[in-house]
Each structure stands twice: as C-alpha cells, then as structure tokens.
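Student: Listed below, chain by chain, are the residues.
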Amino acid sequence: MRVIDLLNSNFISLTGDIGLNNSINSIFIGDLLSHVLAKASDEDILITVQTNVNTLAVASLINLSLVIFPDGVIVPKDVISRAINENIPLFKTNLSAKEVVLHLTKIGVK
Amino acid sequence: MFQNYKIKSHDMTEAGVVASTIKKYLTTKNIEKSVIRRVSIAVYEAEINVVIHSKGGEANVQINDNHIEVVFTDVGPGIDDIPMALSEGWSTASDYARGNGFGAGMGLPNIKALADEFNIMSSPDGTILKIGFII
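Chains as they are written, first to last, in our numbering: chain A, 1 to 110; chain B, 1001 to 1135.
One chain only, chain A, in its complex shape (with noise of 0.2 Å):
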C-alpha cells in the first residue's frame, strides 16, 4: 500500500503531490519525539499533533512514510514549507487519532 491510496474525502494533502509514492509499513501514534524515534519502524505513518518542525526531522531520520495531524489541528506554514523541500507529505484531518487508526485498519493498513 502506498500513501497515494489513502488519500480520500477525510484527509487533505498539505504538501501536494510530496511523498505519495512512499510504501507504507504501519502505523505508529505518539507526540513525544524521542518515543517516536525509538519506537516507530521504517516507512511507518505518523500520528500526531506534535506539529513543529522537529517532527519532520523525525520523520526523515527515520525514514516515516507519511505524518498525519488528526483533531483539525493547525499546521504552520513554515513546517509545510520545510516538508515539501525535504519530501516529506504531511496530510491533516478532523478525525481523531483513533477514527484515523480505524479507518487505515478498515483500508488495509496493518
């Protein structure tokens, strides 16, 4: 499964086209960087609220495939700028974290 079949009317692309592509693994919900880091795998999607810029390097370091920021949270245009220049789609939702972890389980997503 790739980040391009989750796109649907619940998730709104901040970064555009950015990172469809990736390859998803699972699915890792945390707002505490360093648990993040030590705990989510290769190609995992990211759900969190945790909407700074550190998150990003997060998610490149560990090779995320796609960060999610649920509750309609708002994203700073600088971290969406900052995202698509390191190739790294950030999609956000009014969902909730667990309506989000539904509905990727219900698509597929393990």
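Keep in mind the hints are simulated off the structure, nothing from the lab. We put the CB at the ideal spot given by N, CA and C, even for glycine. There's no promise every hint is true.
Calculated cross-link-like contacts (lysine to aspartate or glutamate; reagent style EDC-like; alpha-carbon spacing at most 20 Å) [what the hints assert, rightly or not]:
no.	chain 1	residue 1	chain 2	residue 2
1	A	K110	A	D42
2	B	K1024	A	D17
3	A	K39	B	E1088
4	A	K39	B	D1116
5	A	K92	A	D31
6	B	K1055	B	D1011
7	A	K39	A	D5
8	B	K1033	B	D1011
9	B	K1055	B	E1014
10	B	K1024	B	E1014
11	A	K77	B	D1011
12	B	K1033	B	D1095
13	B	K1033	A	D42
14	B	K1006	B	E1069
15	B	K1008	B	D1095
16	A	K77	A	D17
17	B	K1024	A	D42
18	B	K1024	A	E86
19	A	K77	B	E1014
20	B	K1130	B	E1058
21	B	K1130	B	D1065
22	B	K1033	B	E1088
23	B	K1033	A	E43
24	B	K1033	B	E1069
25	B	K1006	B	E1058
26	A	K92	A	D17
27	B	K1029	B	D1065
A few chain A residues that don't get close to chain B, going by computed Cβ distances all over 12 Å [as the list claims (entries may be wrong)]:
no.	residue
28	N22
29	D71
30	I84
31	K98
Let chain A serve as the given structure and place chain B on it in line with the hints.
Tutor: Below, chain B without anything else, positioned relative to chain A:
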C-alpha cells in the same frame, strides 16, 4: 571524514543538521540500514540535548572506514545526576523543550542503548558526551 558543527542553545532551526548530514553520508557509503538508523537516532538525541539543555556547544564527527565517533561538548550548566539522567523517564526538560516535543526523559537512555561506545562526563562547566559506532 572529520567535521565540526556548532550547536546553538535553544535554536531549533538547525537542530538535527548533524544527524541528517551523517545519515546522508552513510547512505552514500551503502552502510547497513539498521546501523544508519542507530547512528542517526543517537546523534539526533545528543544534538537535541545540547540545544534544549545546554548553553550551546559543538559536535566533532570523525568517520573512518569501520568506525564513527561523535563527541558532543557544551558549556554548561552540566548534568547534576548522571545515573538519574540515564534512567528512562527521568527528565529535567524545560517548558521550551516540552513545547518542542521533547522531555520524555528518553534521550540519554536511547543514546546509550543505540551506541556501541558511550562515555559521558559532566560538571557545571559543561558536558562531554562521546559516542561510537562500528560500521
């Protein structure tokens, strides 16, 4: 390869540049992915520690064919209790650190777990953290 990087206190704009630079370099050398991951995470955590906890410092990176050594030094205020700092979940993180997604108390434990070599010394004048990896 030898490189020196200055690390500014409380400045997130370039935080992570040491780790990402090393990661890119190791990727070009076809180093095993699991090793690149360990090195990247450990260096990043150490770099962030200098940013969020210290008054500023630097990283000296030395990469040979089989070994990477990174020495982080800062100018204080030092770590009061190193054994506690090495225990998971214990944190002295400021509001600044927590507001940037850090402060889980996992930094030094993560680094020690990931590095092949780990040595730390600290006083109010500063901290020296030396980590090494076999590649």
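Student: Are any of the numbered hints broken by this structure? If so, which, sorted upward?
Tutor: 2, 7, 8, 12, 22
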